[in-house]
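S.K.: Knowing the structure of chain A, use the given hints to seat chain B on it.
Sequence order for the protein chains is A and B. Going left to right, the first sequence walks through residues 1 to 797 as the working numbering numbers them. Going left to right, the second sequence walks through residues 1 to 383 as the working numbering numbers them.
Since the hints were derived computationally from the structure, they do not count as laboratory data. Heads up, the beta-carbon is just placed ideally off N, CA and C, and yes, glycines get one too. Just so you know, not all the hints are guaranteed correct.
[Unchecked claim] Below, a sample of chain B positions facing chain A; criterion: calculated Cβ distance under 8 angstroms:
(1) Pro51
(2) Glu83
(3) Ser91
(4) Lys233
(5) Asn237
(6) Glu239
(7) Gly289
(8) Thr358
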Amino acid sequence: MSPTAPKAELDPDAPPLVRALPWDQRVTYLPIRHHSPACAFHVAAVIREVRPDHVLVEGPRDATALIAHLLDSRTENPVAIYTTYIERRKNDAARHHGAYYPVCDYSPELAAFRTGAEVGAQLAFVDLTYPEMVVAEKVEPDDGVRSLQHERYLQRSQRLAQSCRRLNVRDADDLWDHLFEARYHGMESRSFFDGVLTYCAMGRSDYDESMIAAEAHDVREAAMKHAVDSVEGKVVIVTGGFHTVVLPDVVGREPRRVRLSNDADASTTLMRYNFEQLDALNGYASGMRSPEFYQRGWEGGSVVALVVELARQIRSNGGHSGTADVIAATTQVENLRRFRGHQSPTREDFIDAVRSVFVKGAMDVEGVAVLAQTQKFLTGTRTGAVPPEAGRPPIVQDFEREATRLGLRTESTAETGEKVLDLYRSTRHRDISRFFYRLRLIEVPYGTLSRGPDFVNAVETERLQEVWRYSWEPATESALIEKAKYGATLVEAAAAKLVEEFDDVIAAGVSSDAVRLIAEAYRCGLHEHGQRMLDRAKPIIAHDSSFASVATSCSLLTMLRFACEPLEAHNEDVVYTMAQQAWFRAAYLVPTLAGVQDSEATHLDALCGWRQDEDRIAADGDWRDARVTPLRQLLDDSQASPVFRGAACGLLFGDDELSVEELAQLVSGFIGGSDVTVGGRFVQGLMRASRSICFRAPGVLQEINQRLQEMSDGDFTSVLPHLRLAFSELTPRETDAVAQSVSDLLTEGEDAETAPSPAIAARSLEFTESDALLGSRVEAAVSQWLTRDDFGRLFDE
Amino acid sequence: MAKRKKKTSAANGSMTTGMIREPAEQRFAAELTALESADDRAKPAGWRLSPRAVRTFICGSDGESIGGVVIPRKFYGDDVLVERAIVTLASNRGLMMVGEPGTAKSMLSELLAAAVSQTSTLAIQGTAATTEDQIRYSWNYALLLAEGPTPRALVPSPLYTGMKQGQLVRFEEITRCPPEVQDTLVSILSEKVLMVPELEGDDSILFAQPGFNIIGTANTRDRGVHEMSTALKRRFNFETVQPIADPEEEVALVQRESGRLLDESGVDVDVTRDVIEVLVDVFRDLRSGMTSDGMQVERASTVLSTAEAVSVTMSAGLDASFYGDGQLGAASIARHLVGAVLKDNADDLEKLRHYFNTVVKKRSQSVKGVWADLHRARKWLPR
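So here's chain A without its partners, still in its complex pose (with noise of 0.2 angstroms):
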């Protein structure tokens, strides 16, 4: 409950909020919600009292062949029935829809068909189609795959929220338990429904006619009583108690069919499904929490077993939870199922316990691995069986339907198919290699990347192109197959599997591998789970204590900002924010460097990496002082690896924070110190960072110039190759500026007393072909001599 919400009071003369329902007619409406162990109990039993003729229930119509499958004794639930539909429209792109219907052994509507079979009834789904309701409803396609059975209007409503204030409750699940499931026992079936009905209503309570209209209740519930009015005899209708509030009042009307181009276009069948997607709090939206939970209750489980479980699940994960505890948790459980006043205890009381007396020290600490081990606890594990008449898996088909579209083969054949793809310019191209890309991400063998550009781990980003070679074999069936498990399309496979890998890289925290299975989602095409992905990775960057991992984190993102067709994330403002909180918390971390003694290349390339993002990303001003002051500090820290200290001098004097002199002190100070090579690597860092120096601040180079003559030979030989990867960074037209100006110093300085060393000098005479051919052939000459005389072998050992 939170205390903020609206002051509004019940008014309690105002007219009731919805009529009683009419018993004893040749209808009976029973109104439910979805999975609810009370309205299951209830329903069987009005079901059993009324014997109807016909039983008709809240689902697609063309499930009702299904209906045999739910009521097979081979079927183990939790089921689903999955339906889709690929909806074509003129000029426009196909768009794809799935819906999930789950069933459990507590459902209402498996209650009110087993009860219905047993009395004899006629049994029938009576909602639309799914492609109706699309039509219907104007229902956007998404990436995720929507509930049939979606709740949505009991959390909006401000009447229940009102009534859980009043009931000290928290939400209006918490109202539900509370005020249902709590007590349905001692209920007698007519009161029970009365008041399920006035829970609902208070839910519809806060929709008017355009929300009803928007999302299409209307036409379903026009449907729903169409097909009430054209059957006789006497009928029991079981539906969401949302549709229940007005449909005796409803004009039925007969729904309008959607042609089908196609009849492949939709599909209605039934599927495993587990408990882990039934779960409403894991995202699936599909109705109640913790199912396990409910089951138990179901199967006459009591709680204190359900206690004595989850102690030993925790204990056996190290955790401290003996007899003494189960026993004062039980305890708990009953004291505040009594002050709550419930006849047997609701989940939250079971929680509530379970916070009280198996969490030893605070809720976010050490409660953390207690409530989610809680939370997984009532979820519970099942998973249902289908007779094999049910058909084939979903996802098989979704991938035949998905190849076929995309004009990809999928029989065997001798070789091996091959596509070249234009990520930039043809949408199409796009749909295939994300198509490629989430086979690949679930395992599956079918195509191989020949080359293309890797956005993800950002090798050869520049290529336009995609080449793909790919063949089906039988490999590929039966890998999906496998990969069913995972949902029933190739997107929601790819994006659970996706999920499972980005939780456990939430769980260990590394920012950069966080963002770089974002940059997957986004390759593989699931933008929406992109999008949710993007809000989980936020806190791991912000405490992301790794430089390196960050300022790739933020590159990453960046590149995501700005790589606009291929990936198409450029749009989610989020990724602009989350690029540039990446850059200030790298920021944040740049005195860090100073720690770090591995790997230096490649946190040398992250800083001038982060300091490049900037430029693109910094659009709403400068951010000097952020990025002057940790550079400083780097700069400035003598424990630092001199290339972070070169790194740091270089950017600072590209932001003109140094001057020509201040720069050219720094250089000379740390080649001319007592450790040659810390200067050798502190001009490495240097011009990695910029290498404009060279040509904006020539005193550097005079200053280099100046400190290797004075060098011993020895000196001068460790810091050579430190050098030479220093100044490897130039382009060869850069190269040859430098050494032009190198050599006009020498010149400029040369008389009698300075003459530069015969090897400087050599470098710098006039130097020709022919010289250079002179060469080659005193070295073919040379070596003929030493091979003759057997000194080669000298120097091959």
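M.R.: Okay, now just chain B, sitting in the frame of chain A:
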């Protein structure tokens, strides 16, 4: 907000009782009496009120009049936590409230004790120097020498009294006591018995009367605290008190409390809401590591509680009144913010500066107003 009238500290009722601060059972005597007379639900043995009435006392009656009195809300936070706490107190386990400093743990324990046992003064303050005697009982040595160990010579501790009279005993800051001293509670909590071997007969053993229980509080983020032994932990149910979730509520609370404190100290200063809003925003951002618009910032290692926000407002108010123009502005806030943030970790200053360079700067451009003032006041941050 209109300019305050000059007030003296005599304006409050506290002068009449001659106390700086009255215990909860006296401050809310009228409410407790009303609740008690209207309470017709079953009460656990030894309790003054039924569990539900205790809840109403703490979370308020939501505007409803009970026995002619409307009970105002006293604890802002998770009501379900209050329910669990009450239920725990009625069980045979102690209640341990943990959480960051300044989240009103002690206040909640005081309210619970006042409502359940009519007294909140049976309290032991845990410190590093707390001894076992202070928890159990000690002796009046003059009498002990004169009469030997007699009940008359025994000096009861609050715990002893609580057991004898069946009342709640508060043990504040339990983790500040050395673990071996904490463990005195283990046997008392499990056996509900206190042995007094020096005395004879019935006096040598004290059985706790119904209604007795212990409410402990402990800080989780402070330094200088000890671990609790697992044996002791097992005898408590833990509840974590969180900082106030709703920013609006926090702003209101800071404004109300700091206003009250400034009034009491007789200072004439204008505390406007927008300044408090900014201060509360800064505190929430640094506390949670995330701004209200989703930007991640560095979490301060210091505890930035609501109580701390009140204290910053209070000192900034005094500052504005004594050294400024009587208008509490961003500059005063900035000056006292440092004192609150920078306690024992120099990194926090860096974090605060980073916060000013990023968030405050951004808001000074987008939101302007007090944020712009605050950004200008960054010069008060120590270099």
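S.K.: Does each hint fit the structure? Answer for all of them.
M.R.: Evaluated hints:
no. : hint   : in the structure
1   : Pro51  : holds, 5 angstroms
2   : Glu83  : holds, 7 angstroms
3   : Ser91  : holds, 6 angstroms
4   : Lys233 : holds, 4 angstroms
5   : Asn237 : holds, 4 angstroms
6   : Glu239 : holds, 7 angstroms
7   : Gly289 : holds, 6 angstroms
8   : Thr358 : holds, 5 angstroms
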